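Engineer: Guided by the hints, dock chain B onto chain A, whose structure is given.
Chains A and B supply the protein sequences, listed in that same order. Quick note on numbering: this note's numbering labels position 314 of the first sequence as 314, and the sequence is numbered without any gaps. Quick note on numbering: this note's numbering labels position 83 of the second sequence as 83, and the sequence is numbered without any gaps.
Hint data in this document are derived by calculation from the structure and do not stem from the laboratory. Only a predicted model underlies this, so the values are computations on that prediction, with no experimental measurement involved. Built from N, CA and C at the ideal position, the CB exists for glycine as well. One should not assume that every hint holds.
Claimed, not checked - Just a few of them, taken from the derived set where beta-carbon distance is under 10 Å, the chain A residues facing chain B:
1. Thr157
2. Ala192
3. Thr202
4. Asn322
5. Asp324
6. Leu327
7. Met329
What the hints assert, rightly or not - Now the stretches of chain A that chain B is said to cover, found in silico as 3 or more residues with beta-carbon under 8 Å:
8. 158-166
9. 228-238
10. 242-250
11. 310-317
12. 336-348
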Amino acid sequence: MKKLYGYRRPDGQVGVRNHLLVIPASVCASHVASKIADAVNGAVAIPNQQGCCELGPDFDVTHRTLVGFGKNPNVGAVLVIGLGCEGISTSDVAKEIAESGKRVEFLVIQENEGTINTESKGVRIAREMASDLGRMQKVEIDISEITLALECGGSDTTSGLAANPSLGYVSDKLVDAGGSVILSETTEFIGAEHLLAERAVTPEVADDIIRIVKRIEDKAKSIGVDLRDGQPTPGNIQGGLTTIEEKSLGCIYKGGSRPIQGVKEYGEIVDGKGLYIMDTPGQDIESITGMLAGGATVVIFSTGRGTPTGSPIAPVIKVIGNGDNYLRMKDNIDINAGAIMDGTETVAEVGERLYDEMLEVINGKYTKAESLNHKEFGIYKLSSTF
Amino acid sequence: MLKLAVVAHETDNVATTVKDLKKGENVLMEIHGKGEVRVELQQDIPFGHKFAIEEIKNGDGILKYGEPIGHATEDIVAGAYVHVHNVVSDRGRGDIKEEK
Chain A
1 MKKLYGYRRP DGQVGVRNHL LVIPASVCAS HVASKIADAV NGAVAIPNQQ
51 GCCELGPDFD VTHRTLVGFG KNPNVGAVLV IGLGCEGIST SDVAKEIAES
101 GKRVEFLVIQ ENEGTINTES KGVRIAREMA SDLGRMQKVE IDISEITLAL
151 ECGGSDTTSG LAANPSLGYV SDKLVDAGGS VILSETTEFI GAEHLLAERA
201 VTPEVADDII RIVKRIEDKA KSIGVDLRDG QPTPGNIQGG LTTIEEKSLG
251 CIYKGGSRPI QGVKEYGEIV DGKGLYIMDT PGQDIESITG MLAGGATVVI
301 FSTGRGTPTG SPIAPVIKVI GNGDNYLRMK DNIDINAGAI MDGTETVAEV
351 GERLYDEMLE VINGKYTKAE SLNHKEFGIY KLSSTF
Chain B
1 MLKLAVVAHE TDNVATTVKD LKKGENVLME IHGKGEVRVE LQQDIPFGHK
51 FAIEEIKNGD GILKYGEPIG HATEDIVAGA YVHVHNVVSD RGRGDIKEEK
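Bound conformation, chain A alone (with noise of 0.2 Å):
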């Protein structure tokens, strides 16, 4: 077995990478928050779009992602800068980060004389904090300590049949060697749930699955309109699905067949071992969003048509079911799953190779969205702003 290294946090938890994570509470710190992150080596920051006038469960929402990025075992410290107006406050979300016992430390620009001495400061703070990051050393891990989240899109029928079986045999060997695994994306549960039911570990998780499909259809339905204007998309459509129900059959593959422990909310903590459901929209960036804000610490994207996404915080891997657009799209894949679909190697081969890189990426190796410093991030939304 490989020996596996990451960072073991104050909580006890383990991280794979080490950010210093540079907050904004609301869209209207985002800039100052970008500019500090920019001036440090070893420093990222998030492109926060929401954090004000928002309502109810969009506040909640928003406030659980922006602390649960910051507790994420990838982030080592971490800066918040608030405005000092917005509805988010910015002192509660350090309070509540440095519950885990890391290092936090806020700004707010309206105490500070605004942008040019809020950044001077917050550029002093973050290079102090990234020098102290730069310092900490790895240490052995357990791969039973890894949270994986699982992720499809750019779908096209190779997703379903090569590309999510091998991410579903990752699930499993995961799931069995104890580690913690994470299934969203519930728009793409539809016409599925029924299988995931099956393997819910209680009447009641079983009823938690069928709930959130119900109430992500009873939305699309309320607007009056075909969910096909929307699901699949026209790439999918283009690529050969023909129905949600086509997708979603194909995308539950990426979960493997282990038994489903419990559903959390967007962005809620997962916090026990074996598969859990999340309840995300299908829309990667705001689903991988949710759950890294969960404690996922490494994600693979599966894909048949290509994409490019990344996060601020979290290695993503990605693997494809279709072997021609993985020369149409190198630059951005990571494991080629297209033998698969004309039968020249199982799905047991590619998962076994999808799962060595993973271990790979885990110790340290940059996956090509790491590379290119995509740093997608973005909040799901359940109404407007007021």
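Structural biologist: Same frame as chain A, but now just chain B:
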């Protein structure tokens, strides 16, 4: 021999191509639990798209992965192209009134 098309489940009535296939081609598929099925294509079928492996009547379910993925909106003969022009989804349909 390289495969030309994949049938995901023994109860499926459609296959997915694994390369661009031409009208008139004879496609032989090995279906797990069912044996060999041979179909002559009625149209060109692009890579990754579907064709019927048996006759499908207007209103019948389209089965892939052993599950319904929608229903046919016309009669479909074996070997014919199956996609958004002759299949509709049964889910998320806010455009039609639900039958209670």
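Engineer: Compare the structure with each hint and give your call.
Structural biologist: Here is how each hint holds up against the structure:
no.	hint	in the structure
1	Thr157	holds, 4 Å
2	Ala192	holds, 7 Å
3	Thr202	violated, 24 Å
4	Asn322	holds, 7 Å
5	Asp324	holds, 7 Å
6	Leu327	violated, 13 Å
7	Met329	violated, 15 Å
8	158-166	holds (count 3)
9	228-238	holds (count 3)
10	242-250	holds (count 7)
11	310-317	violated (count 0)
12	336-348	holds (count 4)
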